[in-house]
Amino acid sequence: MKSAARILSLLLLLSFSVGTAAPEGGSTAAGPEPTAYTAKASFSKAVERLPAPERAAMLGLQPPPKYPEKWRAWGKPAYAIVVLIVDQYGNAEKAQCTEATDRAFARTAETAAEDWFFMPALSRQQAVNSKITVRVDFESPTKVTMQIVMAPVPSR
Numbered sequence: 032m033k034s035a036a037r038i039l040s041l042l043l044l045l046s047f048s049v050g051t052a053a054p055e056g057g058s059t060a061a062g063p064e065p066t067a068y069t070a071k072a073s074f075s076k077a078v079e080r081l082p083a084p085e086r087a088a089m090l091g092l093q094p095p096p097k098y099p100e101k102w103r104a105w106g107k108p109a110y111a112i113v114v115l116i117v118d119q120y121g122n123a124e125k126a127q128c129t130e131a132t133d134r135a136f137a138r139t140a141e142t143a144a145e146d147w148f149f150m151p152a153l154s155r156q157q158a159v160n161s162k163i164t165v166r167v168d169f170e171s172p173t174k175v176t177m178q179i180v181m182a183p184v185p186s187r
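Numbering (the numbering used here), first residue to last: 32 to 187.
One thing to keep in mind: the hints can contain errors.
What the hints assert, rightly or not - With a straight-line Cα cutoff of 30 Å, these simulated DSS-like cross-link-like pairs (lysine-lysine) come out:
1. 107 <-> 174
2. 125 <-> 101
3. 97 <-> 125
Read the hints as simulated data drawn from the structure, not as lab findings.
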């Protein structure tokens, strides 16, 4: 039942176009520079014991995170690297930003990741939990892109 509701919500979301409006007036005030962020904590030992799937999780529906309001006037490119645990249903179960331009970018990427949906990894033709790393590039306050940078390689 949960998967049917998830599919319906995906179809509804796909029927709308999502965009971020450019700020009005375009502030040119140069503010302070962000401070690089690196996570101190790591995922639990259980995450490290996830088996290597035959097919890695693939991108599904990822509403992009918004450029942090705190840094809109700064307006320069930034990034965040998010490690996710994708469950057997394709939900982003846990998300942790391991590196980012600033903690504000890390927080916004982690928060957005909670709503991401993936095609789950497969092992012996069964959906399984997996770990995946996604790089979020905040190219400007109005453009954000995401790509998988590390996914488990199928083992044979």
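Which of the listed hints are broken here?
Nothing - there is no hint that the structure violates, so all of them hold.
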